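Knowing the structure of chain A, use the given hints to seat chain B on it.
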Amino acid sequence: MVVDIAPMIVLGMVILTSLAFDFTNGFHDTANAMATSIATGALKPKAAVSLSAILNLVGAFLSVEVALTVTNSVIKIQDSTGAPNPALTADGGSALLLIVLSGLIGAILWNLLTWLLGLPSSSSHALFGGLIGATIAGLGFSAVKWVGTGAKLDGVVGKVILPALLSPVIASLVAMTGTWLIYRITKTVAEKFRNDGFRWGQIGSASLISLAHGMNDAQKTMGIITLALIASGQWHDLTAVPLWVKGACAMAIAMGTYIGGWRIIRTLGKGLVEIDSPQGLAADSASAATIIVSSHLGFALSTTHVATGSIIGTGLGRKGASVRWGVALRMLVAWLITLPSAALVAALTWGIGHLVGGLAGAFVVFAILLVAAGYMLWHSRKNPVGHHNVTDEWEASPEGLAPELPKEVVR
Amino acid sequence: MSQILLALQAAGQVLLAAVILGAGLPAMFSLGMRALAYGNGGSAEVEVEAQPHVLGKVLAYICFGVVIIAVMLGISWIVGTGMGYKLSFEHFLPVFRKK
Numbered sequence: 009m010v011v012d013i014a015p016m017i018v019l020g021m022v023i024l025t026s027l028a029f030d031f032t033n034g035f036h037d038t039a040n041a042m043a044t045s046i047a048t049g050a051l052k053p054k055a056a057v058s059l060s061a062i063l064n065l066v067g068a069f070l071s072v073e074v075a076l077t078v079t080n081s082v083i084k085i086q087d088s089t090g091a092p093n094p095a096l097t098a099d100g101g102s103a104l105l106l107i108v109l110s111g112l113i114g115a116i117l118w119n120l121l122t123w124l125l126g127l128p129s130s131s132s133h134a135l136f137g138g139l140i141g142a143t144i145a146g147l148g149f150s151a152v153k154w155v156g157t158g159a160k161l162d163g164v165v166g167k168v169i170l171p172a173l174l175s176p177v178i179a180s181l182v183a184m185t186g187t188w189l190i191y192r193i194t195k196t197v198a199e200k201f202r203n204d205g206f207r208w209g210q211i212g213s214a215s216l217i218s219l220a221h222g223m224n225d226a227q228k229t230m231g232i233i234t235l236a237l238i239a240s241g242q243w244h245d246l247t248a249v250p251l252w253v254k255g256a257c258a259m260a261i262a263m264g265t266y267i268g269g270w271r272i273i274r275t276l277g278k279g280l281v282e283i284d285s286p287q288g289l290a291a292d293s294a295s296a297a298t299i300i301v302s303s304h305l306g307f308a309l310s311t312t313h314v315a316t317g318s319i320i321g322t323g324l325g326r327k328g329a330s331v332r333w334g335v336a337l338r339m340l341v342a343w344l345i346t347l348p349s350a351a352l353v354a355a356l357t358w359g360i361g362h363l364v365g366g367l368a369g370a371f372v373v374f375a376i377l378l379v380a381a382g383y384m385l386w387h388s389r390k391n392p393v394g395h396h397n398v399t400d401e402w403e404a405s406p407e408g409l410a411p412e413l414p415k416e417v418v419r
Numbered sequence: 064m065s066q067i068l069l070a071l072q073a074a075g076q077v078l079l080a081a082v083i084l085g086a087g088l089p090a091m092f093s094l095g096m097r098a099l100a101y102g103n104g105g106s107a108e109v110e111v112e113a114q115p116h117v118l119g120k121v122l123a124y125i126c127f128g129v130v131i132i133a134v135m136l137g138i139s140w141i142v143g144t145g146m147g148y149k150l151s152f153e154h155f156l157p158v159f160r161k162k
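These protein sequences, in sequence, are chains A and B.
In this note's numbering, each residue's number is its place in the first sequence (first place is 1) plus 8.
In this note's numbering, each residue's number is its place in the second sequence (first place is 1) plus 63.
Same shape as in the complex, but just chain A (with noise of 0.2 Å):
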């Protein structure tokens, strides 16, 4: 009898990718539980990405409930149970595999350059933008859940545009009312007294944001590597994932989280709003109540928007301090293309990968992902941020470390 190991290379292919997915989704995030204690030196840089990393490492343990639905939301490649839609899974799931494995490669590729660029944008968003544009390019529009049906938030539109639209609003408004607060009720305390308090609140808040990333994110990534498995016909249980699964997951957002998103650390904590410790404890509540309170409501909502209009709103709590719009401008424009461009990238790597066809054209995709992360790894050290310089005075560097964003990006 004669093995067809073909599925099972792309099977690899798709389980590593979707791992360093997971890394960049931790090391894009760090910035939005740590910015702001770095920003306001209450932890250093190290020791803050050390203690998000371990809070993540425990927060994607933790995550015992894993959906293996995770696509479910935005495509139909799954039944409303997690099993694969019968038709893709055929030949060793290869056409799933291509799918899922595309779609990681655009929300790969669109993270890293963000990151480049020193833009906090979604993880979440080049995520399910990857794994759309794969399933336009591969089954056809209708195979997306535009717009939910029903009494349930759900499709591209209820899981995805509303909360991205209204999440950021909600955090400010929050982050807003809690500095205008802690500002008015300590106006007699000492400057200096009171940011040495405040720093231990920060620490404290930004500690829930970590748990609360590694809880939410790092099972995305379990539900699809999961989900490949089954396609595969490696696991057969809808209920559960296995634990090699959920270990590599863990360790793979700790060790994102611990090498730290600098670039992005650094435009969330030093270039929106020049921030003060009791901003800081403000702006991390924010964040840990929006996030953990929506979760527990089905409001599925990008820990980064959430974050960055915390910031903002701290800025704009505060009498005398101010927002640099500009940049967050910049960000507002990366947020609203990160779902298409990752989906756009997602669908043209497919297009290659079926054109080829078969084992070499998931070897061809596979190989595009490396020479690009590779290219834009390269060209990061050009203007490297990391814990020596990240809490530079911004103005004070502004091509170095700021980057700006390419024209081509933004037309």
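Since the hints were derived computationally from the structure, they do not count as laboratory data.
Some hints could be false.
Said to hold, decoys possible - Derived pair list, reagent style SDA-like, types lysine to any residue, alpha-carbon separation capped at 25 Å:
1. 327(A) / 71(B)
2. 200(A) / 70(B)
3. 327(A) / 91(B)
4. 200(A) / 113(B)
5. 200(A) / 104(B)
6. 200(A) / 108(B)
7. 195(A) / 71(B)
8. 327(A) / 120(B)
9. 160(A) / 71(B)
10. 195(A) / 91(B)
11. 195(A) / 140(B)
12. 195(A) / 70(B)
13. 195(A) / 115(B)
14. 195(A) / 106(B)
15. 327(A) / 109(B)
16. 327(A) / 82(B)
17. 120(B) / 188(A)
18. 200(A) / 71(B)
19. 160(A) / 87(B)
20. 327(A) / 87(B)
21. 390(A) / 188(A)
22. 52(A) / 394(A)
Claimed, not checked - Ranges of calculated distance between the beta carbons of each label pair, as one might list FRET restraints:
23. 336(A) / 110(B): 34 to 42 Å
24. 89(A) / 157(B): 43 to 51 Å
25. 146(B) / 77(A): 47 to 55 Å
26. 76(B) / 385(A): 41 to 49 Å
27. 67(B) / 340(A): 15 to 23 Å
28. 401(A) / 121(B): 38 to 46 Å
29. 24(A) / 157(B): 24 to 32 Å
30. 382(A) / 124(B): 53 to 61 Å
Every value quoted in this text rests on a predicted model; they were computed, and no experiment measured them.
The beta carbon of each residue, even a glycine, is placed where N, CA and C say it ideally should be.
Just chain B now, kept in the frame of chain A:
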């Protein structure tokens, strides 16, 4: 259209709960800091001549205690949900129940 209404409804709920927790707890923490400065006196206050007051310290630690308990409950809630448990306040004191 119904999706927009649903989203606005969800957003309203999130906003309400998040303001209570995300702005209320920092405000409670600030009250603690205010009380602590009153308790310490001296250079902790803007007015340097201020005297230390024991009452201030007591009030401060009560405020910090409330914040810490709320955060602990928050963490147990996250962890509990992950484990498939639900935090219940039926008898006032928090209890974990299997969902």
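Do the hints match the structure? See the list:
At roughly 30 Å between alpha-carbon atoms, residue 327(A) and residue 71(B) are farther apart than 25 Å, so this suggested pair is violated. As the CA atoms of residue 200(A) and residue 70(B) are separated by approximately 42 Å, the hinted pair breaks the 25 Å bound. The hinted pair formed by residue 327(A) and residue 91(B) meets the criterion: a straight-line CA distance of about 21 Å does not exceed 25 Å. Using a Cα cut-off of 25 Å, the hinted pair residue 200(A) and residue 113(B) holds, with the two alpha carbons roughly 16 Å apart.
For the suggested pair residue 200(A) and residue 104(B), the alpha carbons sit about 13 Å apart, so the restraint of at most 25 Å is met. The suggested pairing of residue 200(A) with residue 108(B) holds, with an alpha-carbon distance near 10 Å, which does not exceed 25 Å. Taken as a hint, the residue 195(A) and residue 71(B) pair is broken in the structure, with Cα atoms around 35 Å apart against an allowance of 25 Å. Our distance criterion of 25 Å between C-alpha atoms is broken by residue 327(A) and residue 120(B), whose separation comes to about 29 Å.
With a CA separation close to 12 Å, the supplied pair residue 160(A) and residue 71(B) stays within the 25 Å bound. Taken as a hint, the residue 195(A) and residue 91(B) pair is honoured in the structure, with Cα atoms around 14 Å apart against an allowance of 25 Å. With a CA separation close to 34 Å, the supplied pair residue 195(A) and residue 140(B) exceeds the 25 Å bound. Note on residue 195(A) and residue 70(B): the hinted pairing is violated, with a Cα-Cα distance of about 38 Å set against a maximum of 25 Å.
Straight-line distance between C-alpha atoms of residue 195(A) and residue 115(B) comes to about 18 Å, which keeps the hinted pair within the 25 Å bound. Note on residue 195(A) and residue 106(B): the hinted pairing holds, with a Cα-Cα distance of about 14 Å set against a maximum of 25 Å. Restraint check for residue 327(A) and residue 109(B): satisfied, since their Cα atoms lie roughly 18 Å apart, inside the 25 Å limit. The suggested pairing of residue 327(A) with residue 82(B) holds, with an alpha-carbon distance near 20 Å, which does not exceed 25 Å.
At roughly 24 Å between alpha-carbon atoms, residue 120(B) and residue 188(A) fall within 25 Å of each other, so this suggested pair holds. The suggested pairing of residue 200(A) with residue 71(B) is violated, with an alpha-carbon distance near 41 Å, which exceeds 25 Å. Of the supplied pair hints, the one linking residue 160(A) and residue 87(B) is violated, its CA atoms being roughly 30 Å apart against a limit of 25 Å. Restraint check for residue 327(A) and residue 87(B): the C-alpha separation of about 20 Å stays at or below 25 Å, so the hint holds.
In summary, the hint linking residue 390(A) to residue 188(A) is not supported, as the alpha carbons are separated by about 41 Å, beyond the 25 Å threshold. Of the pairs offered as hints, the one joining residue 52(A) and residue 394(A) holds, with about 12 Å between alpha carbons and a cut-off of 25 Å not exceeded. For the pair residue 336(A) and residue 110(B), the beta carbons lie near 38 Å from each other, so the given range of 34 to 42 Å is met. For the pair residue 89(A) and residue 157(B), the supplied restraint of 43 to 51 Å is violated, since their beta-carbon distance comes to about 33 Å.
Between residue 146(B) and residue 77(A) the beta carbons are some 20 Å apart, a value that contradicts the proposed interval 47 to 55 Å. In this structure, residue 76(B) and residue 385(A) meet the distance hint of 41 to 49 Å, their C-beta atoms being roughly 42 Å apart. The hinted range of 15 to 23 Å is satisfied by residue 67(B) and residue 340(A), whose Cβ atoms lie roughly 21 Å apart. For residue 401(A) and residue 121(B), the hinted distance range of 38 to 46 Å is satisfied, since their beta carbons lie about 42 Å from each other.
For the hinted restraint 24 to 32 Å between residue 24(A) and residue 157(B), the CB-CB distance of approximately 42 Å leaves it violated. Remark: the range hint 53 to 61 Å for residue 382(A) to residue 124(B) is upheld by a beta-carbon distance near 54 Å.
The structure fails to meet hints 1, 2, 7, 8, 11, 12, 18, 19, 21, 24, 25, 29 from the earlier list, while all remaining hints are met.
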